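Residues in the sequence shown are numbered from 1348 upward in steps of one, following our numbering.
No lab work stands behind these hints: they were computed from the structure.
These numbers were taken from a predicted model, which means no experiment stands behind them.
Where a beta carbon is used, it is the ideal one built from N, C-alpha and C, also for glycine.
Careful: at least some of the hints might be erroneous.
To be verified - Straight-line distance between alpha carbons at most 27 Å, and here's what the computed DSS-like set of lysine-lysine pairs gives:
1) 1872 / 1780
2) 1558 / 1579
3) 1652 / 1696
4) 1391 / 1632
5) 1868 / 1780
6) 1633 / 1391
7) 1850 / 1803
8) 1866 / 1804
9) 1868 / 1775
10) 1793 / 1866
11) 1588 / 1567
Claimed, not checked - Estimated spans, in silico, between C-beta atoms of each pair:
12) 1597 / 1965: 23 to 29 Å
13) 1974 / 1640: 52 to 58 Å
14) 1495 / 1634: 16 to 22 Å
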Amino acid sequence: MTKQTHAFQAEVKQILHLVTHSLYSNKEIFLRELVSNASDACDKLRFEALDNNALYEDQPNLEVRVLFDAEAKTITIRDNGIGMSAEEAAAHLGTIAKSGTREFMAKLEGDQKKDANLIGQFGVGFYSGFIVADRITVETRRAGAPETEGVRWSSEGTGEYELETITRATRGTDVILHLRDEETEFLSTWKLKSIISKYSDHISLPILMQKEEWDQETSKQVKQDDWETVNKAAALWARSKSDITDTEYQDFYKQISYDQEAPLAYTHNRVEGRSEYTQLLYIPKKAPFDLWNRDKRGGVKLYVKRVFIMDDAEALMPVYLRFVKGVIDSADLPLNVSRELLQESRDVKAIREGSTKRVLGMLESLADSESADDKAKYLAFWTEFGAVLKEGIGEDFANRERLAKLFRFASTQADEGVSFADYVARMKDCQDKIYVIAADSLAAAKASPQLEIFKKKGIEVLLLVDRVDEWMLSHLYEFEGKELQSVAKGAVDLDKLLDDDEKKAAEAVAEGFKPTLDKLKDVLKDRAKDVRVTTRLVDSPACLVVDEGDMSGHLARMLKQAGQSAPKSQPILEVNAEHALVKKLATDDARFDDLANILFDQALLAEGGQLDDPAAYVARVTKLLAA
């Protein structure tokens, strides 16, 4: 193939423009990305060579070399991994098929500080070379291909790249960065070593650099023919816990997660028994941008006997723990295991169960700790990931009780951090249920009319404001024998909350209100399933509730917002017969229909619903005010 010029994919052009013009912080990240890519290429060769040992050719030892030429102003990252064919070079370096690219560009184009660390999060690490280089040349040959099928790729990071065939004796890839004049600080052994030590120390392959010694005649450091390993070249998780510092654990987390912050917590264990494996699992401090994408693969890397098998092995961790990052290294799985085999393997199921319990144990130790610092950490975790953890109630029956103990809510007594155990400990003697209410927001929940009798009696109600809460309630029915009861569903039994005088007064009011109640039912027969007198209201004239088996208005609205249809059901209107507006109904026959509909519409608005006919409501209220 003679030299050919190709245009970059449109999104690559945008990314290159942003990389070369907008990224100013932490430029050294480019070396981490390119060394990581080189390591991945060696892992891929090792994996493919399981079925074809000839791919190693005459180089059985996999390695990464980093070299520089101060005069030519170049840095080269060289690996003897799988390499690329011409088609693969065009596909991997000229296009982007990764999801999340648009989010990546949106973040870089936003007002926040431009941060090169974003590159790692979105799988566009190769392009980070253009942070410091005005031209990149890639010379590569795929393992097993003839020497004459080498490939040279070259670009100045503008709109085009060149591709040509070359003769290359060795397999693998050289990425050659031609540095800008202002980036020559990277042309030193000390600088490159320090970056490798900071970001790539835990890569299991040796990273080699040429040794240097001081030349008395030239008063300069002179490179030798010998090469030295500049990283520890040992899998961190395979080392003894007593030999690893907290800083090393944190640095390894940052390397595999592309997160600048240290993890919230981590656990490192070797499990022996029916299944033998090592796990090093981390809980991040902050939620990723795509946390709510349930199709996103997990953050756990799978190794078998220290051989890298796959990123994002979702079978090793349940979906509701998709925020967990880390490494699992199995001694039992076959080296040629596939994603399909992972789904069916008994050993994988044992690893998944063990890892799930380990993560939940990590969270329990924070949540149950007497330390104020640990409690603050858990509350920070819950703020970021609590809504996702709730998904486990419907997905992980075996750990349902453990999960329920970890849940935290706002309540009528506290804005955050209330557990079911806290609630049960504060329950009134007359109370046998855990009362909850789901709403669109904390403010809406606090203002709900359904809470009025509970506030009056000093009975705590949990305020559920996450979108997943309604779904959670359909799977979580009780906690330690105490039934969960939504105050917005069914006819809540309030007899135990009222004293004898209050019960008698309520019965008398209901009996006297019966004629008006019958008229209300007739007027609202097309809008309300039923109309009844209630004792749950104190200050409000009316509220809407639904039957126990019906879908709440809150859930129906969420489904509608998501573009889904909700089953048709009518709410029940409960009225406060002692309220002035309700009493007026009994004495105002001329405007009874208008008042009845206003009462219903106000109850609907109070619970966050939308009116079917806002103009009719405005007309009725205007007419009433003008009278």
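The hints, checked one at a time:
{"no.": "1", "hint": "1872 / 1780", "result": "violated, 32 Å"}
{"no.": "2", "hint": "1558 / 1579", "result": "holds, 16 Å"}
{"no.": "3", "hint": "1652 / 1696", "result": "holds, 18 Å"}
{"no.": "4", "hint": "1391 / 1632", "result": "violated, 31 Å"}
{"no.": "5", "hint": "1868 / 1780", "result": "violated, 31 Å"}
{"no.": "6", "hint": "1633 / 1391", "result": "violated, 31 Å"}
{"no.": "7", "hint": "1850 / 1803", "result": "holds, 15 Å"}
{"no.": "8", "hint": "1866 / 1804", "result": "violated, 32 Å"}
{"no.": "9", "hint": "1868 / 1775", "result": "violated, 35 Å"}
{"no.": "10", "hint": "1793 / 1866", "result": "violated, 32 Å"}
{"no.": "11", "hint": "1588 / 1567", "result": "violated, 41 Å"}
{"no.": "12", "hint": "1597 / 1965: 23 to 29 Å", "result": "violated, 59 Å"}
{"no.": "13", "hint": "1974 / 1640: 52 to 58 Å", "result": "holds, 55 Å"}
{"no.": "14", "hint": "1495 / 1634: 16 to 22 Å", "result": "violated, 50 Å"}
Comparing the model with each earlier hint shows violations of hints 1, 4, 5, 6, 8, 9, 10, 11, 12, 14; every other hint is respected.
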